[in-house]
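Colleague: Now for the letters of each chain:
2 protein chains.
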Amino acid sequence: MANKENEKILLAHGGGGQLTEELLRNHIFPKIQNKTLSKLGDSAELTVPSNELCFTTDSYVVKPLFFNGGDIGKLAACGTINDLSVAGAKPVALSLALIIEDGFEINLLEKILESIGQIARENNVDIVTGDTKTVERGAADKIFINTAGIGVKIPNTNLGIDKIEAGDKIIINGTVGDHGMTIISQREGIKFDSPLKSDCAALTDLTCKLLENVNGIKFMRDPTRGGLAATLNEIAKSSGLSVKIKENDIPVDKTVQAAAGMLGFDVLAIANEGKFITVVSPDSADEVLNISRKHPLGKEAMIIGEVVTSSNVPVVELVTRIGGKRIVQMPYGRELPRIC
Amino acid sequence: MANKENEKILLAHGGGGQLTEELLRNHIFPKIQNKTLSKLGDSAELTVPSNELCFTTDSYVVKPLFFNGGDIGKLAACGTINDLSVAGAKPVALSLALIIEDGFEINLLEKILESIGQIARENNVDIVTGDTKTVERGAADKIFINTAGIGVKIPNTNLGIDKIEAGDKIIINGTVGDHGMTIISQREGIKFDSPLKSDCAALTDLTCKLLENVNGIKFMRDPTRGGLAATLNEIAKSSGLSVKIKENDIPVDKTVQAAAGMLGFDVLAIANEGKFITVVSPDSADEVLNISRKHPLGKEAMIIGEVVTSSNVPVVELVTRIGGKRIVQMPYGRELPRIC
Chain A
-3 MANKENEKIL
7 LAHGGGGQLT
17 EELLRNHIFP
27 KIQNKTLSKL
37 GDSAELTVPS
47 NELCFTTDSY
57 VVKPLFFNGG
67 DIGKLAACGT
77 INDLSVAGAK
87 PVALSLALII
97 EDGFEINLLE
107 KILESIGQIA
117 RENNVDIVTG
127 DTKTVERGAA
137 DKIFINTAGI
147 GVKIPNTNLG
157 IDKIEAGDKI
167 IINGTVGDHG
177 MTIISQREGI
187 KFDSPLKSDC
197 AALTDLTCKL
207 LENVNGIKFM
217 RDPTRGGLAA
227 TLNEIAKSSG
237 LSVKIKENDI
247 PVDKTVQAAA
257 GMLGFDVLAI
267 ANEGKFITVV
277 SPDSADEVLN
287 ISRKHPLGKE
297 AMIIGEVVTS
307 SNVPVVELVT
317 RIGGKRIVQM
327 PYGRELPRIC
Chain R
-3 MANKENEKIL
7 LAHGGGGQLT
17 EELLRNHIFP
27 KIQNKTLSKL
37 GDSAELTVPS
47 NELCFTTDSY
57 VVKPLFFNGG
67 DIGKLAACGT
77 INDLSVAGAK
87 PVALSLALII
97 EDGFEINLLE
107 KILESIGQIA
117 RENNVDIVTG
127 DTKTVERGAA
137 DKIFINTAGI
147 GVKIPNTNLG
157 IDKIEAGDKI
167 IINGTVGDHG
177 MTIISQREGI
187 KFDSPLKSDC
197 AALTDLTCKL
207 LENVNGIKFM
217 RDPTRGGLAA
227 TLNEIAKSSG
237 LSVKIKENDI
247 PVDKTVQAAA
257 GMLGFDVLAI
267 ANEGKFITVV
277 SPDSADEVLN
287 ISRKHPLGKE
297 AMIIGEVVTS
307 SNVPVVELVT
317 RIGGKRIVQM
327 PYGRELPRIC
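For the record, the sequence lines run as chains A and R. Per the working numbering, the first sequence starts with residue -3, numbered consecutively. Per the working numbering, the second sequence starts with residue -3, numbered consecutively.
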C-alpha cells in the first residue's frame, strides 16, 4: 500500500478515465458523501420544496490554503451558504468544482474536503454534483475551488436594497476585519501575542431564525471582499440614501485593530467571512439584537448606525471615536488580493 | 480614452471594490446581460417552472483558449448546458465564475464573454449570477472558467443507467474525436490540408426534441473527457451488461482519423464537445435516427452498436473494420490534459 503522505495529484487524475474514478472513489466521495451524490451522473437530480429559488456561485483562491480558523474548503462551503442565507434563502444543495495543480498532496486535498463535508453536514446542505480538473505544474497555485449553491426562499421574506428607508437601523452580528487580517498577517509572517483567527462560519442558522421571527427586515448582506465599506457604499449608491455609522459602536477585536493599524489597513475595508449586516426598520431593531445575541454567531451584535436622507450625493459617513466625521469611500480594490 | 487593445486585468479587478464594479459594468455585463442578472446581488432570484431539477457544474481549463470551432467561453456554456440536456432536463439558468491572471488582456476576456453570451441567448438560458476573482501573475494560466447550471426535468422522462437492458441500441449523433484532436493538433502546431474543427455545440434543442417525441429512450450521455471509450465502459460497469460496437458504424472525420493515427491516439478515447449517445429500446431506434438526421447537430447520426448480455465480466467489445475483435478499455486518463 502506498504511503498516503506521499500521494500526489497527477495530471491523469483529471483525465476523466480510470484514475479520475479512483480519485473520486477513494479520496473525494468519502468526505462529502450523501444520497444524491452517490448516484453520480454528470447532473444531480433534485426535488426542491419550492419554485422560488436563489442561485449563487463563488470561486475561492485564498492564499494560504490553511489559516487559523479555517481553510479554503471551509471558506468555499461557508461563503456560498452565506450568499444564499443573506438573500433570504435556506441553502439546499451545493456543487463543488476543483482545479488542482499537478503535484498537490492528496492528504491536503482530503483535509480540505473534510472541512467542506463538515460544514455541509452541520448545515443540512448536500454536495450534490462536482467536477475535478487538473492542470500542469505552474499553471495554477495548488488548488482553486468553486462552489455554486441553490437555496429555497424563506416564505414571506422579501429582501431588497430597494426596500431600505431613512430611519432604518444597521446591525452587524459581531466584530469586523477578523478574516482579512488573519490572512494578511499569516501571509506576511507576523505574529501577535493573542493570535488572530478568521471568523469564517456558516450564517444560515442565524439568518433563518431572524427572518422567520422578525418582521421589518429589509436587507441583509455579508461584507466579504471590500468589507463593511464596500457593502455600505453599495447601499448608499443603490438606495440614494446616506449611511451614518459610529466608530464607537462597530465591534473590532483589539488584536485585529492593532494589526490593521500596524499594517496600514482600515478595518472597515477588510474582508469578513462570518459576518452580515441587517438593515431593519427601527421598531424591529431590538428584536434582531436580542435574537442575535442569544446565538453563538451573534453574541457581539451591535446597531452600528442608520440610514438617513441625503441632501446631496449619498455617502457613508463615520462619526469617529473623538466625535469627528469622515467619509468612508468605496475601496478601490487593491487592498488584499486572494483573501477568499 | 484608453486604447482597448492595451487594457489588462489587474489584481485590483478582483478586490470587490470600485475596480471590480467597473470591470463588471463596462466589460462583463454588456456581453451577458439579462433581466435577472441586472438585479445584481450576491444571489440571483429565480422562479422555476417545476420542482424537479437537475444541477451540474464544470470548470474549464482548456489550452489554448481559442481554437478552431470555439473558445473556452463557448465550451463553458455548451458543456454545462449539455450536462443538463443529457440528464433529461431543459437548462434554465447558468452561473459564471472567472479566475483571471493579472495581466490578461481585457479584449480577450470580452471575446470569451461574447461567446458565452451568444450560446446562452441561442439556447434561452440566462447567466443569472457570477463571480470574478483575480490572482497574481504565474498563479493561474490566463483564465479558468466555472459554470454551474440548473435545468428543469422534461416531464415523463426517466433516464438512468439502471434502465438499460440487453438488446438496447446505442446511437451517436455524429463524428467522434473532433474536439480533442483539434485541441491537441493546435497545441502541437500540426496543420492538415483540411483543417480540424472542434464539434463544440449546445445539444439542448436536439435532446429535447428526442425526449419529447420518442418513448423508449433509456439513457443519454455526452462523451467528453475519456471519449466514447469512457462513456461505454461506464455503461458496462454500471449496468453489468456488455456493449458491442462496430468500428464500421462509428462516424469519424477523415482528417481526425489521420491526425489520431499520426499522433498515436485512439479516436474512441478522445474528448467530444457536441456529441451524445442515446441508449434506446430497439423498436425506437429508427425514430431517434430520423429525428436526429433532420437536425443540424444529428445529420451523421448512426447506430454504433448495442447492449448485450455478458457471460462473464461486462466489457466493451469493438468489431474492427476487418472483422476482428478488440476490447475497448477504460482510458487511464493521461491522454490529453486540459482538453476542456
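Check before you lean on any hint, since a few could be wrong.
Same chains, same label: a pair holds when it works inside one copy or across any pair of copies.
[Claimed, not checked] Straight line, CA to CA, 30 Å or less: simulated DSS-like cross-link-like pairs of lysine-lysine:
(1) Lys321 to Lys138
(2) Lys250 to Lys27
(3) Lys138 to Lys107
(4) Lys4 to Lys59
(5) Lys321 to Lys233
(6) Lys290 to Lys31
(7) Lys205 to Lys233
(8) Lys159 to Lys250
(9) Lys250 to Lys31
(10) Lys31 to Lys233
(11) Lys187 to Lys205
(12) Lys290 to Lys4
(13) Lys193 to Lys295
(14) Lys242 to Lys159
(15) Lys159 to Lys27
(16) Lys138 to Lys233
(17) Lys159 to Lys31
(18) Lys4 to Lys295
(19) Lys233 to Lys27
(20) Lys240 to Lys187
Since the hints were derived computationally from the structure, they do not count as laboratory data.
Colleague: Output the numbers, in ascending order, of every earlier hint that fails for this structure.
Modeller: 1, 2, 6, 8, 9, 11, 12, 16, 18, 20
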